[in-house]
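Chemist: If you want the building blocks of each chain, they are given just below.
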Amino acid sequence: MKSLTHILLPVLVMVLCLSSCSDQPCYEETDPLMNTVLLVSGTGELAKADSLRVYTYRETDTLKFVKVTGASSFSVPLDPASDESVFMITLNGVTDTAWIRYSRRPHLVSPECGYTIVSEITGLNTTHNIIDTLIIENKSVNLDGQKNLHLFY
Amino acid sequence: MGRRTCIFFISLFILAEPVGRSQDTVTVPLHVRAGFDLAGPVMKLVNRDLISYGIVASADINSSLAVTAGFRYSSFNSSEVIYDFRSRGLSFTAGTDYNFIKANVSKGKYYAGIGLRYGLSFYSEEAPMIRYTNEWGAGETSVPLKRHTGHYLEITPGVRTDLFPGVTVGWNLYMRLLISAGAGKDLKPVWMPGYGPGTAGMSTGAEYYISFTIPYRKIKVYIKPKVRESEDEENEGDQTNTGTSTSGSGIRF
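Those protein sequence lines, which keep their order, are chains A and B. Positions 1 to 153 (our numbering) are the ones given, in order, by the first sequence. Positions 1 to 253 (our numbering) are the ones given, in order, by the second sequence.
Just to be clear, a hint being listed does not mean it is correct.
So, partial list: chain B residues that the calculated Cβ filter (under 10 Å) puts toward chain A [as the list claims (entries may be wrong)]: (1) D24; (2) S78; (3) F85; (4) A127; (5) I130; (6) Y132; (7) G139; (8) L145; (9) T149; (10) L187; (11) K188; (12) V190; (13) M202; (14) F212; (15) I214; (16) P215.
Simulated from the structure, these hints should not be mistaken for laboratory data. By construction, the Cβ of each residue, glycine as well, lies at the ideal position given by its N, Cα and C atoms.
Work out the full structure: start from the sequences and follow the hints.
Modeler: Set out below in structure tokens:
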């Protein structure tokens with residue numbers, strides 16, 4: 001019995017130490033992004049925009065999310081403080097506006113990283129200067145990194 | 001003729017006697033136990049976020065098996081820079097303990113074994129303050145108080161011994177496997193009462209408890225004697241060899 005206790009006692013101490021050492025930094029992704037794929041209208045093939053800008057106007061400033069060349073997809077965060085986000089999408093110099101409506105809910109990433117806001121897209125509207133169609137492929141905007149929208153132009 | 005028959009049966013009894021002598025029994029008291037966990041209050045000194053008080057009870061079914069049940073109150077209150085979280089609730093466990101020590105050694109006093117338990121946690125959780133930041137800016141939100149029921153399995157290797165008659169001390173390591181936190185995939189509890197961190201599929205720790213024991217019954221346990229077949233065979237072999245050599249030597253001489 002004594003030898004058994006001697007064997008198990010260090011294990012006990014180790015477990016207690018491990019359980020008390022729980023302050024760890026956050027290494028996980030915490031920003032859910034709405035992922036959009038650019039496709040050629042009519043054929044459905046993957047499109048590559050010569051230039052792409054995605055931004056939004058606010059009362060006090062302009063938020064620039066994307067400014068790239070040769071892009072075939074882009075990812076933007078939704079406004080976690082609102083049920084609707086408005087994006088200005090400039091494809092090859094032509095600008096359209098997209099309104100994305102969604103519901104929000106908190107999601108625990110981990111005790112170290114805390115909570116983030118994930119969304120379910122409920123609807124969208126867009127102007128059609130260059131965009132032909134914008135459709136919802138996967139309504140869940142979370143940390144899984146799945147494609148959410150298909151943008152045909 | 002009758003005399004010869006009588007001698008024959010007496011001889012049979014004499015021959016049969018060693019077989020009867022090889023069976024052995026020990027009398028083992030069966031106990032009921034009730035105690036409390038000391039690790040919870042001690043851990044409060046290390047982890048101020050957590051309050052955990054547990055009581056355990058068990059009853060021996062036989063010399064190696066016991067049914068066990070536990071009840072625990074836990075309260076967790078964490079205040080981080082990015083969120084505040086609170087949970088509290090009651091958890092119940094029920095299962096069996098298996099003692100690896102043989103009855104003739106344990107004598108109802110010692111335990112070194114493993115337990116398997118099913119756990120249910122009835123708890124509430126809330127996050128009064130959640131702070132988030134992304135490209136749109138920073139903001140705050142909250143999760144209101146909600147009640148959930150969680151399920152888990154508990155595997156508990158441990159030891160126990162009599163401190164003095166009527167009082168035992170012992171400790172268990174525990175490995176808890178989460179079946180369901182009952183709160184959905186988004187609001188897994190930072191701490192699920194009775195289980196631990198609700199985001200982890202497994203949690204580990206230890207309990208150190210003092211129990212009061214009352215013997216309620218005594219049973220006789222048959223102890224299978226150690227059969228030392230190899231020795232017997234060797235002896236038989238030796239005898240055979242001796243016989244042969246004797247006869248051999250007899251032949252020689």
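Chemist: For every hint, state whether the structure bears it out.
Modeler: A quick look at each hint next to the structure:
{"no.": "1", "hint": "D24", "in the structure": "22 Å, violated"}
{"no.": "2", "hint": "S78", "in the structure": "8 Å, holds"}
{"no.": "3", "hint": "F85", "in the structure": "8 Å, holds"}
{"no.": "4", "hint": "A127", "in the structure": "7 Å, holds"}
{"no.": "5", "hint": "I130", "in the structure": "4 Å, holds"}
{"no.": "6", "hint": "Y132", "in the structure": "6 Å, holds"}
{"no.": "7", "hint": "G139", "in the structure": "5 Å, holds"}
{"no.": "8", "hint": "L145", "in the structure": "14 Å, violated"}
{"no.": "9", "hint": "T149", "in the structure": "18 Å, violated"}
{"no.": "10", "hint": "L187", "in the structure": "6 Å, holds"}
{"no.": "11", "hint": "K188", "in the structure": "5 Å, holds"}
{"no.": "12", "hint": "V190", "in the structure": "5 Å, holds"}
{"no.": "13", "hint": "M202", "in the structure": "12 Å, violated"}
{"no.": "14", "hint": "F212", "in the structure": "20 Å, violated"}
{"no.": "15", "hint": "I214", "in the structure": "22 Å, violated"}
{"no.": "16", "hint": "P215", "in the structure": "20 Å, violated"}
Hint violations for this structure: numbers 1, 8, 9, 13, 14, 15 and 16, all remaining hints satisfied.
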